[in-house]
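Q: In case you want the letters, here they are:
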Amino acid sequence: MNPSPENPRDPLEVLIDRTLRTQPLRRAPRSLEGRVFAELARRAALPWWRKSYAYWPAPMRAAFFVLSAVAAAALVAGLYFLSHGASRELASEVAGRFGWLSFAQEIFSAVASRALAVWHAIPPLWLYGGAAVLATAYATLLGVGAAAYRAFFAPRT
Amino acid sequence: MNDDPPVQTSPSGVISPTDFATFMRNYQDMVFSTAARLTGNETQAEDISQEVFLKAHQHFAMLVASPTAGGWLKTVATNLSLNHLSRYRNRWRFFSELRRDDAGAESEAPEVDFAAPDTFFGGVDADERRSLVERALDELPAHQRVPLVLYHFEDLPYDEIAKKLGVSLAKVKTDILRARAALAKIIQRAGSTAHEAFNN
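Going down the list, the sequences are from chains Y and W. Residue numbers for the first sequence follow this note's numbering, beginning at 497 and rising by one. Residue numbers for the second sequence follow this note's numbering, beginning at 28 and rising by one.
FYI, nobody ran anything at the bench for these hints, they're computed from the structure. Each hint should be verified, as a subset may be incorrect.
[Claimed, not checked] Quick partial rundown of chain Y residues pointing at chain W, CB under 8 Å, derived from the structure:
hint : residue
1    : ASP513
2    : ARG517
3    : GLN519
4    : LEU521
5    : VAL566
6    : ALA568
7    : LEU571
8    : LEU575
Ideal Cβ positions, reconstructed from N, Cα and C, are used throughout, including at glycine.
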């Protein structure tokens, strides 16, 4: 606990200290108790899977733990087999099933090359001008926001 | 002053509340006061108080029999209020406090030229006095009110306040010194107005 007041020769500190320490507690709003119990009831009514892990039923926690361990083991085993070339057939079959990915890549490349061509066709001066307009608009908005905050919301000192 | 938990007491000592509603009723004014004085805003204080009691409910088995439940609640209320204020401060720092923090961070505490009276309240009744002080606290800017409240209400020493707020010791001392002067002026101004109204 602070030795109060810290500087007993300072009359202002003594006065403030005495004034604040004799201040009674503020009365909590009547709605507080109702709000707390309503929130507790809402949380209690949530199904277990929407609560945090600590509140899950014990069997569910155990099952989740086992499933996670199995998934991790399967992942490690799969990586091991792939890295040792033991399943080239499996890899080619998987690649065949995902053939649509190469098609999507071709479309994306075509769109990107067209966009790049358009970008290079724009004169650099226009680009610099556009960037300057954007920067000016951003700075103006920031300035107006700061002025508005200081005028209407800033706490008085 | 306020760290004494307002629990029911008997000659044999502290009686623990038997259920959560009783527990809440015993401590809600203390929790709300802590949050309201730190945030300077009753709506935010009610939200924070709700959060404090929801946490308390999770640890109720431990708290119900603990003689330090009041201290636990007060610490949680203080930390949640400071977290709330730091989120708010970060959001508005660019606009409002950057310059103040830089100006006050390393400077020595200035001399405050203020002639303190013996008392702020002449002829003002107790209810009005309590209300005047609370309103005056709410009027202080957060960077002055928070260290002042932590020092005078929560009994934290300067270095611990500096650590909690993440600012230098010099800034804490400066802010508390300025806060006292500002608070005294606000109370004195409001008190004299109330006194005139009381006499008329």
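Q: Quick check on the hint: ALA568 (chain Y) CB to chain W CB, less than 8 Å?
A: Where the cut-off is 8 Å and the nearest Cβ of chain W is about 30 Å from ALA568 (chain Y), the hint is violated.
Q: Hey, does the ASP513 (chain Y) contact hint survive, CB to chain W under 8 Å?
A: Hint holds; ASP513 (chain Y) Cβ to chain W Cβ min 6 Å, cut 8 Å.
Q: Given GLN519 (chain Y) as an interface hint, is the shortest Cβ-Cβ distance to chain W below 8 Å?
A: Check passed: Cβ of GLN519 (chain Y) comes within 6 Å of chain W, closer than 8 Å.
Q: Verify the interface restraint on ARG517 (chain Y): the C-beta must sit less than 8 Å from at least one C-beta of chain W.
A: holds (4 Å)
Q: Next item in the hint list is VAL566 (chain Y). Is there a CB on chain W closer than 8 Å to its CB?
A: violated (32 Å)
Q: With chain W as the partner, please determine if LEU521 (chain Y) meets the hint condition of a C-beta pair closer than 8 Å.
A: holds (4 Å)
Q: Take the shortest C-beta to C-beta distance between LEU575 (chain Y) and chain W; is it under 8 Å?
A: Hint violated; LEU575 (chain Y) Cβ to chain W Cβ min 40 Å, cut 8 Å.
Q: Taking the least C-beta to C-beta distance, is LEU571 (chain Y) closer than 8 Å to chain W?
A: Check failed: Cβ of LEU571 (chain Y) comes no nearer than 35 Å to chain W, outside 8 Å.
The structure fails hints 5, 6, 7 and 8 (numbered hints given earlier, in ascending order).
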